[in-house]
Amino acid sequence: MTALSPTTPDDLAAPRGRGLWADAARRLRRDRSAMLCLGVILLYIGVAVGAAAFLGGWNESYDYARANEDPSWDFWLGTDNFGRSTFQELLLGAKVSLTVALLTNLIAVPLGIALGALAGYYGGVLDDLIVWLLATLAAVPEMIRLIALRFAFSTGPLFGFIDMSGVGGLCLALAVTSWIGTCRYVRAETMKIRQLDYVLAARAIGTSGPGILARHVLPNVVHIGIINFSLGMVGAIMAEVVLTYLGLGLTGQPSWGQMIAHSQAKVVVGQWRQLAAATTAIFFLVLALNILGDRLRDALDPRLKNA
Amino acid sequence: MSDPATLLAVRDLRTEFRTDDGLVRAVDGVSFALPTGRTFALVGESGCGKSVTAHSILRLIPNPPGRIVAGRIELEGQDILALPERRMRRLRGGRIAMIFQEPQSCLNPVFTCGRQIGESLRLHRKLTGRAARQAAIDLLARVGIPDPARRYGEYPHQLSGGMKQRVMIAMALAGRPQLLIADEPTTALDVTIQAQILELLRAIQAQDNLTVLLITHDLAVVAETAHQVAVMYAGKIVELAATPSVLSSPLHPYTQGLLRSVPRLGHGADRLYAIPGNVPNPLSFPPGCRFHPRCRLGRDDATCRTVGPPLREVAGGHWCACWKCPGFEAGLETDPAGGIRGKETGIRGFLD
Ligand SMILES: Nc1ncnc2c1ncn2[C@@H]1O[C@H](COP(=O)(O)OP(=O)(O)O)[C@@H](O)[C@H]1O
Ligand code: SF4
Ligand SMILES: [Mg+2]
Chain A
441 MTALSPTTPD
451 DLAAPRGRGL
461 WADAARRLRR
471 DRSAMLCLGV
481 ILLYIGVAVG
491 AAAFLGGWNE
501 SYDYARANED
511 PSWDFWLGTD
521 NFGRSTFQEL
531 LLGAKVSLTV
541 ALLTNLIAVP
551 LGIALGALAG
561 YYGGVLDDLI
571 VWLLATLAAV
581 PEMIRLIALR
591 FAFSTGPLFG
601 FIDMSGVGGL
611 CLALAVTSWI
621 GTCRYVRAET
631 MKIRQLDYVL
641 AARAIGTSGP
651 GILARHVLPN
661 VVHIGIINFS
671 LGMVGAIMAE
681 VVLTYLGLGL
691 TGQPSWGQMI
701 AHSQAKVVVG
711 QWRQLAAATT
721 AIFFLVLALN
731 ILGDRLRDAL
741 DPRLKNA
Chain B
51 MSDPATLLAV
61 RDLRTEFRTD
71 DGLVRAVDGV
81 SFALPTGRTF
91 ALVGESGCGK
101 SVTAHSILRL
111 IPNPPGRIVA
121 GRIELEGQDI
131 LALPERRMRR
141 LRGGRIAMIF
151 QEPQSCLNPV
161 FTCGRQIGES
171 LRLHRKLTGR
181 AARQAAIDLL
191 ARVGIPDPAR
201 RYGEYPHQLS
211 GGMKQRVMIA
221 MALAGRPQLL
231 IADEPTTALD
241 VTIQAQILEL
251 LRAIQAQDNL
261 TVLLITHDLA
271 VVAETAHQVA
281 VMYAGKIVEL
291 AATPSVLSSP
301 LHPYTQGLLR
311 SVPRLGHGAD
321 RLYAIPGNVP
331 NPLSFPPGCR
341 FHPRCRLGRD
351 DATCRTVGPP
361 LREVAGGHWC
371 ACWKCPGFEA
381 GLETDPAGGI
391 RGKETGIRGF
401 LD
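Chains A and B are the protein sequences, given in the same order. Position in the first sequence (first residue = 1) + 440 = this note's numbering. Position in the second sequence (first residue = 1) + 50 = this note's numbering.
Incorrect hints may appear among the rest.
What the hints assert, rightly or not - With a Cα cut of at most 20 Å, we get these calculated SDA-like pairs of lysine to any residue: (1) A:632 x B:160; (2) A:632 x B:343; (3) A:632 x A:706; (4) A:706 x A:509; (5) A:632 x B:154; (6) A:706 x A:527; (7) B:176 x A:564; (8) A:632 x B:275; (9) A:632 x A:563; (10) B:176 x A:655; (11) B:176 x A:652; (12) A:632 x B:155; (13) A:632 x B:226; (14) B:176 x B:226; (15) A:632 x B:159.
Just so you know, the hints here were simulated from the structure itself, not pulled from any lab data.
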């Protein structure tokens, strides 16, 4: 679209990029649903940070005199059987979900990109090894894999000193599962890219393998990472809830998973508010992440189609 | 005038591809020598192994499926097939540079022209920042790009095909090469642009005393630019000589056919000759002389059908591989790469 337009002095001062990223950013900014979802996600993050900063001590705020109250001005969503505010619990629970979602993907996505790009570019034994790892992990159903890892981590510190029972351990277990999708996709894409003429031309001027990976492959696959990051957060949030429900999640701090797990017994006796609050909170976060991931794919994938 | 020294000698090069359908002997015993400062043309129909020869010289054959299974490639006497990859990388874009057929797809669309030239400057001349920028602009000017300072910051899609090929040439020159391999550099371009690019290559060659390996399927291009020509057919060189000899008195039936199929002024397109038959399937080359199914002389000849003719020097500096070419009986089996043929070349693995 800019190919034939005359160059203005402005362009000369600051040569503008081919603008693939700029184009994508522009498309996203104009995309109302994407922006709305981003707003929702940022709101959740804000709540998580704010709650962690101002609502400490909830865990021990027992007040048996006010146990199992209905919603009121004091307690918007009522209280639990210890007399603690369910609304506070809900706000505090955002922290666990978001920490797990972000940390998991901060491990999984770069890992998936790195292994996928290496396997796809170098091929040979390295590729065989990575594909073998991938296939082996993928052969075990995700939940079984997670449960096995959590059990393994719960038996004691890794190598005798790395405590895996906390958030780090949980995220690592989740990441071990979720790098696979990114890796597969990046590997396939890299195998296409390395056949491109400009990669051959780059090799012909003496660019090394790592140089080609950094300059020609990575810029063409990061968008896969971005999309998978958004979608991967959904997986991590859901998995954390399920694991907590099964008693393999995080304990000792309020989380949506625990709210749901604990309400198992309460729903029968008519206490449904914790369950409803937690599931609603999860629902909107997951919805926002899913839609954003989808919109990101729409905004970033034309890069592939035009390449 | 004494003959210039040999810059690069390719001896008995054999490059194969293991494909799902079988073994492709894309280059099957090719030998030639590139004299310093001259243009040497490699011609032949599409698929005869020209690009594979060029990529073998730079060791750019993808492995798998490809492999250089035998031969030597000597750059000023040193066998570069034996070099470790790290030293080979310094040669690529350094002493040996290459330009490709499709300038369209050989530049990364997301980087500016300047940056792509800068990459070579950084690798081979350790130039960065301002110095690299100035050197890149100088190179753009040198390859005839108007307003080079502006073009420096432009992206490939902002340039025409001819301009892109000039940028590729600038990239190739950035490492100050001794040898430039140009693989069909004008095939993808308009006729008028083709002439300009060829003229540019000629000028640069003269200024830098550059040795050029020009790959083309276009004999008209050969006539204008090359000092020597090797004609390839089905992975082998069938004729090699100084350009005037090949053009005025071609000895091999395939070369004769190629020359007859070149359009000339005053001849209608309908009168154009075409060599009968098709390029053979590289998975199963015909036995004997690989050209025999298409050759009017050898089609029914028992020898041609069963025994492949070796490349012989049938006149001073004129090699031909055809049982029926004049002087073949008395010809010598000398090596166009220089030296005596049949010396142990050794089979080596390909390291890339
Ligand atoms: N990567 C590859 N895999 C399999 N076969 C190949 C590959 N590259 C080239 N070839 C084969 O090598 C032969 C010569 O190709 P090439 O050198 O590109 O021909 P050209 O003379 O047109 O440049 C062709 O038959 C082609 O099929
Ligand atoms: S050797 Fe025989 S078949 Fe081959 S080119 Fe000569 S005459 Fe034709
Ligand atoms: Mg070719």
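Now for the hints, and whether the structure bears them out:
The suggested pairing of residue 632 of chain A with residue 160 of chain B holds, with an alpha-carbon distance near 17 Å, which does not exceed 20 Å. The hinted pair formed by residue 632 of chain A and residue 343 of chain B fails the criterion: a straight-line CA distance of about 38 Å is larger than 20 Å. Taken as a hint, the residue 632 of chain A and residue 706 of chain A pair is broken in the structure, with Cα atoms around 54 Å apart against an allowance of 20 Å. Taken as a hint, the residue 706 of chain A and residue 509 of chain A pair is honoured in the structure, with Cα atoms around 13 Å apart against an allowance of 20 Å.
Taken as a hint, the residue 632 of chain A and residue 154 of chain B pair is honoured in the structure, with Cα atoms around 17 Å apart against an allowance of 20 Å. Restraint check: the Cα-Cα separation between residue 706 of chain A and residue 527 of chain A comes to about 17 Å, which is no more than 20 Å; the hinted pair holds. Of the supplied pair hints, the one linking residue 176 of chain B and residue 564 of chain A is violated, its CA atoms being roughly 32 Å apart against a limit of 20 Å. For the hint linking residue 632 of chain A to residue 275 of chain B, the alpha-carbon distance of about 36 Å lies beyond 20 Å, and the restraint is violated.
Our distance criterion of 20 Å between C-alpha atoms is met by residue 632 of chain A and residue 563 of chain A, whose separation comes to about 12 Å. Under the criterion of a C-alpha separation no larger than 20 Å, the hint pairing residue 176 of chain B with residue 655 of chain A is consistent with the structure, at around 18 Å. The hinted pair formed by residue 176 of chain B and residue 652 of chain A meets the criterion: a straight-line CA distance of about 18 Å does not exceed 20 Å. Restraint check for residue 632 of chain A and residue 155 of chain B: satisfied, since their Cα atoms lie roughly 14 Å apart, inside the 20 Å limit.
For the hint pairing residue 632 of chain A with residue 226 of chain B, the CA-to-CA distance comes to about 31 Å; that exceeds 20 Å, so the pair is violated. Of the supplied pair hints, the one linking residue 176 of chain B and residue 226 of chain B holds, its CA atoms being roughly 12 Å apart against a limit of 20 Å. In summary, the hint linking residue 632 of chain A to residue 159 of chain B is supported, as the alpha carbons are separated by about 16 Å, within the 20 Å threshold.
Violation of the numbered hints given earlier is confined to hints 2, 3, 7, 8, 13; the remaining hints are satisfied by the structure.
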